[in-house]
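K.L.:
So the chains spell out like this:
2 protein chains.
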Amino acid sequence: MQKFKVHFKPQNKSIVVEKGTDLLTAAIKAGVAISAACGGEGLCGKCKVSIGRNTVMACQTLVESDLSVDVPKSSTESHAAAKHESEDFTKGVISEREKGLKLAPIIRKIYVELSEPTQDDNTDDLERILRAVEAKIAHARISTKLSNIKHLSENLRDNAYKVTAVIAYEEGLVEMLAVEPGDTTDRLYGFAFDIGTTTVAGQLIDLNSGEILGTRIAFNKQSSYGSDVITRIIYASNPNGLLTLSKAVLSNIADIIDDLSDSCRVNLSVIYAAVLAGNMTMMHLLLKIDPANIRKAPYIPAATQFGPINAREVGININQRAAAVFLPGVSTYVGGDTIAGLLACGLPDNPELTLLIDIGTNGEIVLGNSEWMMGAAASAGPAFEGSGLECGMKAVKGAIQKAEIDQNFITKVETVWQEKPRGICGSGYIDILCQLLKRNIITKDGKINRSIKSSMVRNNGVNYEFVLVPKETSATGKDIVITEDDIENIKRSKGAIYSAIMSLLNKVEKKTSDIKKIYIAGGFGNYLNIENSIYIGLLPDIDRNIYEFIGNSSLAGARMVLLSRDLASRADAIRKNVTYLDLSGEPNYMDEYVASLFFPHTDMGRFPSAQ
Amino acid sequence: MQKFKVHFKPQNKSIVVEKGTDLLTAAIKAGVAISAACGGEGLCGKCKVSIGRNTVMACQTLVESDLSVDVPKSSTESHAAAKHESEDFTKGVISEREKGLKLAPIIRKIYVELSEPTQDDNTDDLERILRAVEAKIAHARISTKLSNIKHLSENLRDNAYKVTAVIAYEEGLVEMLAVEPGDTTDRLYGFAFDIGTTTVAGQLIDLNSGEILGTRIAFNKQSSYGSDVITRIIYASNPNGLLTLSKAVLSNIADIIDDLSDSCRVNLSVIYAAVLAGNMTMMHLLLKIDPANIRKAPYIPAATQFGPINAREVGININQRAAAVFLPGVSTYVGGDTIAGLLACGLPDNPELTLLIDIGTNGEIVLGNSEWMMGAAASAGPAFEGSGLECGMKAVKGAIQKAEIDQNFITKVETVWQEKPRGICGSGYIDILCQLLKRNIITKDGKINRSIKSSMVRNNGVNYEFVLVPKETSATGKDIVITEDDIENIKRSKGAIYSAIMSLLNKVEKKTSDIKKIYIAGGFGNYLNIENSIYIGLLPDIDRNIYEFIGNSSLAGARMVLLSRDLASRADAIRKNVTYLDLSGEPNYMDEYVASLFFPHTDMGRFPSAQ
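So the protein lines, in turn, are chains X and V.
Quick note: the first sequence uses the working numbering, first residue 1, plus one each step.
Quick note: the second sequence uses the working numbering, first residue 612, plus one each step.
Pulled out of the complex, with its shape left as it was, chain X reads as follows (with noise of 0.2 Å):
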């Protein structure tokens, strides 16, 4: 095989490769950084380099011959931190257990400078650098792939014995990934995700930091087959159905792995983690596993857990030896998404008396403390995460997530990053339910009341609705309003997340000021306002003292498992820890949830600062 000698500029670092090598893999072989995001397939156009006075693509050059490359300033850009689409979530509890976690990623690199063989010491290339990585990591047994051994040897030789092995903790056992030339340690990213019924959500983490680079959220694109978990079940009866939800999933995170790698210019090769979490419908559909059980009595997955996967033998596009892992669930209907909300929240370490409420297209709640767990899930919809409302939108710039109204119906409105409105997020909907309540503009059941007379309310010709920005004002041109059908489909939403907390103390045979912490996650933004969530009945009025809004709970879970094995390697036990109680058969949670469709509830007894 011909080789040939490779220098870049002004980096003044050198190579010897094999000819028809591309220049972004010399690259970064010779250590010199340099950026592209689609993973070296020609498309980002981001490892633009000079030979002469050509500008190439790195990637898309492959070497014939002895070469002085010129790689500008442009094209070795460090990361910079990419905005984050939505507000940042961490913060309070979770905030709090993220700083006080040890960094200790399930994925490590390990750089080894391994003594060449010689006669005496004449031990393979393979257990010379499992030995070595063995020692350093004080782990008796590494296992790797085959793929990794096909060209150790080259490997090891080209570069003095010098190289970083790349290892992934996974479930007890490691695994060496990749053994990359050199010392890479300074280069290694992972993502996570949450991927919930209606939206999906993702970050980009410095593994060697923990830095959160960038945060991305999504429609669902399976919401066009189905807007909750059963039609999509149905929908994968069809043939090829499967296949197209799972398409769908992985598109939504492909194109927010493409999104954040490109913006924060991380190489898809150095992200060797994705951790997902997200409710047992949402995982089978991804991994292709049919789910036609879960929606039939007794509502039995095919399977809980799912152990870490080689990422592209599922379809996600980071490094060709990255691992997937999925957080392990309790049931068809408390899932992984609901571990990570507790890993995330500390519920399970807490001596006191704890409720997770995690509002998404499933209301999913959890009671327990350090002793016991009971889960349950309550059919909320996906009203709070602003999808099937008029002009409900998710918690990104842009959402109005705070409102007032004022005596002449005019509302004044705060966006996500205070940008233009362009519709309505969960938090902002239950601020505006408040209003109209307050100001009467509406029923205590949601109906609108048609003697009031203002050109904020109208007949659309279909329906009732209020107007609150109107389209001079918006960022739509259109006017952002919320209609009856609206106020119903919350209604019904918040009435099933009261009533499931309701049945879930009447169980345990417990009361809520028994209660001495509630975390509240969803997707609702950076902001929820308790009182007025008690005011409308989706919360017990309560002390608020005891409330705290943690975001996007999944999310900052599986970034948590990702960053700990330790957290990581609890997950397990917890979810063992936790009890199943199926709503559907409890004998008063039917009566429960008919009492709670009212502003904010029929027995007003139960909410005092309401009156």
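What the hints contain is simulated information worked out from the structure, not anything from laboratory work.
The beta carbon of each residue, even a glycine, is placed where N, CA and C say it ideally should be.
Take the hints with a grain of salt, since some may be wrong.
Here are the computed distance ranges between Cβ atoms for each label pair [what the hints assert, rightly or not]:
hint	chain 1	residue 1	chain 2	residue 2	range
1	V	Pro962	X	Asn208	51 to 57 Å
2	X	Leu103	V	Pro962	53 to 59 Å
3	V	Ala908	X	Asp66	25 to 31 Å
4	V	Ser706	X	Leu103	55 to 61 Å
5	V	His750	X	Ile542	46 to 52 Å
6	V	Ser848	X	Leu103	40 to 46 Å
7	X	Leu103	V	Glu1120	55 to 61 Å
8	V	Ser706	X	Lys102	56 to 62 Å
9	V	Asp1183	X	Lys145	16 to 22 Å
10	X	Thr443	V	Glu738	45 to 51 Å
11	X	Lys136	V	Glu738	33 to 39 Å
12	V	Asp1183	X	His7	42 to 48 Å
13	X	Lys516	V	His750	38 to 44 Å
14	V	Lys1055	X	Lys5	54 to 60 Å
Start from chain X and add chain V according to the hints.
P.N.:
Here is chain V on its own, set in the frame of chain X:
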């Protein structure tokens, strides 16, 4: 999905399958064992059944309506043991050891009848089956791959929760490879392979009985790219060279699999393991691992052990979930074939000084006992495997394996299976050489005596040769001869092996008389004349009673690993206990070698019997 009922006559078994299922799959699901040797690809034509008056191939016929299928006896015949192509290897010490082995294959089938899930027992499907299997085999934690989860739910429900788990024991871990409908425990098979530089041998084994159903031997197709490991390593450095060599030996393996599964009527889908033993270069080439450094000092292989790998991933076409298991080696020149040989002959269990001599293309020699072992390799070349000689052949049907030459230079031969002679195998050459020496047809340095007046001795234009079988009585229609070049070739081979034995003894300061047992292994077929081997100087001139010919011990070791997970788990400890002696670094090896290039030896004092 539409489902139809299929009824099999005269077995009187029915099953409901999805529209479009092929009849072979349906039959197997229904518990009707239809023969098919091609794995359902429509090639073998064995799975013929009748529907009404039409005869069709079951594997090519898709269910489109309710059906009644007549399965003739010829399509369900249980396997008839295929004739072994070579004679039975297993006798003596190996046979004794196999009899003493507890039948506990590395692959097991566990039939479970699971309780149906209920609202109170809502364990997911995967955990349900894993718990049941774990309880049956008393193993705490069985892993499985995603592919086994995808259709698990349907599989369990379609089969009333009665299924068979196929599990593999892999280096202390247990993996569930597959879940089969119903009770299929009566059908479980595996292959053992010896991948030699010159020959590839394979056996199909019934894992329920331990029975060897058939044996096949072939010349390694890599031979056309180089006769020894060095030339093949050089070939592998060409573009696509490695791939070509891998394909060549995989094609050998495929031929053996197809031939044996066909003649034994064992469907590829019930073959769940292949255990392979071979020298390090063969393993590198098969697995497409760059072998370049094997031939460069200090001769370091990329790896000496290769964890179990999915057989299809390696390129071995048996059940798609089957495991390929590779015997680990010690170093570049003491490979998995030698470890297999040690396991087979039991040297590591023997407190007395024992010698294992495996005469292949390389002669691997291990001296030691249950306390210590030292191994060396001699470049014997493939002469004793019948390769590179004018009329050489493998020890298969028609190979001359015994010969006697009378005073009139007429040769009386005995062939494998008493068929018409086609050529000469290794043990035949040893007999012939011995006779040529005794009749003074050749000199002590291997030259044909030109003064002999006989039509059997002639000059073929290039070379002097001796005619053993005239074309009139040979199976090939050609004279079967031995040439002066053949004799020179064999002389170097026997010299390499004898001098390696002596160097090893010198190294540990032992004498030939200290050895209590000598096992001779190699592809000689069923027979090796020890007296004659000593007479030509291949083996030391000591007590004949300590010698035992054990045939292909690499293949036997692979088979025993397939059948015994206890033995499989010992391979690693054994390889670690073998010290490798590099003969090229031994100061007196060359002198020993040169002195041995004579029949029997330049130092006749070492061979008193030959005087």
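K.L.:
Would you mind marking each hint as holding or not holding in the structure?
P.N.:
How the hints compare with the structure:
{"no.": "1", "hint": "V:Pro962 with X:Asn208: 51 to 57 Å", "in the structure": "holds, 55 Å"}
{"no.": "2", "hint": "X:Leu103 with V:Pro962: 53 to 59 Å", "in the structure": "holds, 54 Å"}
{"no.": "3", "hint": "V:Ala908 with X:Asp66: 25 to 31 Å", "in the structure": "holds, 29 Å"}
{"no.": "4", "hint": "V:Ser706 with X:Leu103: 55 to 61 Å", "in the structure": "holds, 60 Å"}
{"no.": "5", "hint": "V:His750 with X:Ile542: 46 to 52 Å", "in the structure": "holds, 49 Å"}
{"no.": "6", "hint": "V:Ser848 with X:Leu103: 40 to 46 Å", "in the structure": "holds, 44 Å"}
{"no.": "7", "hint": "X:Leu103 with V:Glu1120: 55 to 61 Å", "in the structure": "holds, 57 Å"}
{"no.": "8", "hint": "V:Ser706 with X:Lys102: 56 to 62 Å", "in the structure": "holds, 59 Å"}
{"no.": "9", "hint": "V:Asp1183 with X:Lys145: 16 to 22 Å", "in the structure": "holds, 18 Å"}
{"no.": "10", "hint": "X:Thr443 with V:Glu738: 45 to 51 Å", "in the structure": "holds, 49 Å"}
{"no.": "11", "hint": "X:Lys136 with V:Glu738: 33 to 39 Å", "in the structure": "holds, 35 Å"}
{"no.": "12", "hint": "V:Asp1183 with X:His7: 42 to 48 Å", "in the structure": "holds, 45 Å"}
{"no.": "13", "hint": "X:Lys516 with V:His750: 38 to 44 Å", "in the structure": "holds, 42 Å"}
{"no.": "14", "hint": "V:Lys1055 with X:Lys5: 54 to 60 Å", "in the structure": "holds, 58 Å"}
Going down the numbered hints, you'll see the structure goes against none, and every one checks out.
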